[in-house]
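Trainee: Heads up: the protein sequence lines correspond to chains A and B, in order.
In terms of the working numbering, the first sequence is residues 1 to 115.
In terms of the working numbering, the second sequence is residues 1 to 112.
Since the hints were derived computationally from the structure, they do not count as laboratory data.
We put the CB at the ideal spot given by N, CA and C, even for glycine.
Incorrect hints may appear among the rest.
From the derived model, a few chain A residues whose C-beta atoms are all more than 10 Å from chain B [as the list claims (entries may be wrong)]: (1) 11; (2) 12; (3) 41; (4) 51; (5) 106.
DSBU-like cross-link-like pairs, simulated, lysine-lysine; straight-line CA separation at most 35 Å [stated by the list, open to error]: (6) 56/B x 62/A; (7) 44/A x 109/B; (8) 71/A x 70/B; (9) 26/B x 44/A.
One side only, chain A facing chain B, incomplete, derived with CB under 7 Å [as the list claims (entries may be wrong)]: (10) 56; (11) 88; (12) 91; (13) 103; (14) 107; (15) 108.
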Amino acid sequence: EAGVAQSPRYKIIEKRQSVAFWCNPISGHATLYWYQQILGQGPKLLIQFQNNGVVDDSQLPKDRFSAERLKGVDSTLKIQPAKLEDSAVYLCASSISSGGAGEQFFGPGTRLTVL
Amino acid sequence: SQQGEEDPQALSIQEGENATMNCSYKTSINNLQWYRQNSGRGLVHLILIRSNEREKHSGRLRVTLDTSKKSSSLLITASRAADTASYFCATPEGGGGNKLTFGTGTQLKVEL
Chain A
1 EAGVAQSPRY KIIEKRQSVA FWCNPISGHA TLYWYQQILG QGPKLLIQFQ
51 NNGVVDDSQL PKDRFSAERL KGVDSTLKIQ PAKLEDSAVY LCASSISSGG
101 AGEQFFGPGT RLTVL
Chain B
1 SQQGEEDPQA LSIQEGENAT MNCSYKTSIN NLQWYRQNSG RGLVHLILIR
51 SNEREKHSGR LRVTLDTSKK SSSLLITASR AADTASYFCA TPEGGGGNKL
101 TFGTGTQLKV EL
């Protein structure tokens, strides 16, 4: 079974630039998550999709972050404009069931450095 | 907000020794999960223990859950160098099937 795919693996940008991350979840997984993990901390949920609908985006800084999941499969997370404090690893995960009811499968993450 | 808090923050042991890490959480839960994160990689699910379970085993892993104390422990027996990683507990916030909230993690280093 193929795992969660993410690209790019690494990205370095200047502050105020924009950046986009892509995620392809495990086939058949209806729920998709984007997490932000700052160095030395645990992952923090940014947004959760159930199919192509948003379930929870309460911790997504909507003035600069946006995410979409067209057709309920792949998803993109965008930051525009980026700030220094956005430097982090962005993890995508998927699961069969919704929310914390079961196991989530994580991709390798995208390490973003904002200079 | 961080639901779970792991203790200790860092742990260094010799290969073959046992490693114990603890997690405390704040609200009622219906399950608690443990994840491992190797350096530079994504998280891997290790084990899920439900609120009506007190202990669960998976290979060299043993997880306990004490809902009265709102705490859980992860024991890794006969540790190996490959167990070197960060370990996180995660709980559904709000007690139900809502978003998973991760703790701050324990960094385990297993030395040869």
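Trainee: If a hint holds in the structure, say so; if it doesn't, say that too.
Mentor: A quick look at each hint next to the structure:
no.	hint	result
1	11	holds, 15 Å
2	12	holds, 16 Å
3	41	violated, 6 Å
4	51	holds, 16 Å
5	106	violated, 4 Å
6	56/B x 62/A	violated, 40 Å
7	44/A x 109/B	holds, 24 Å
8	71/A x 70/B	violated, 40 Å
9	26/B x 44/A	holds, 17 Å
10	56	holds, 5 Å
11	88	violated, 14 Å
12	91	holds, 6 Å
13	103	holds, 4 Å
14	107	holds, 5 Å
15	108	holds, 5 Å
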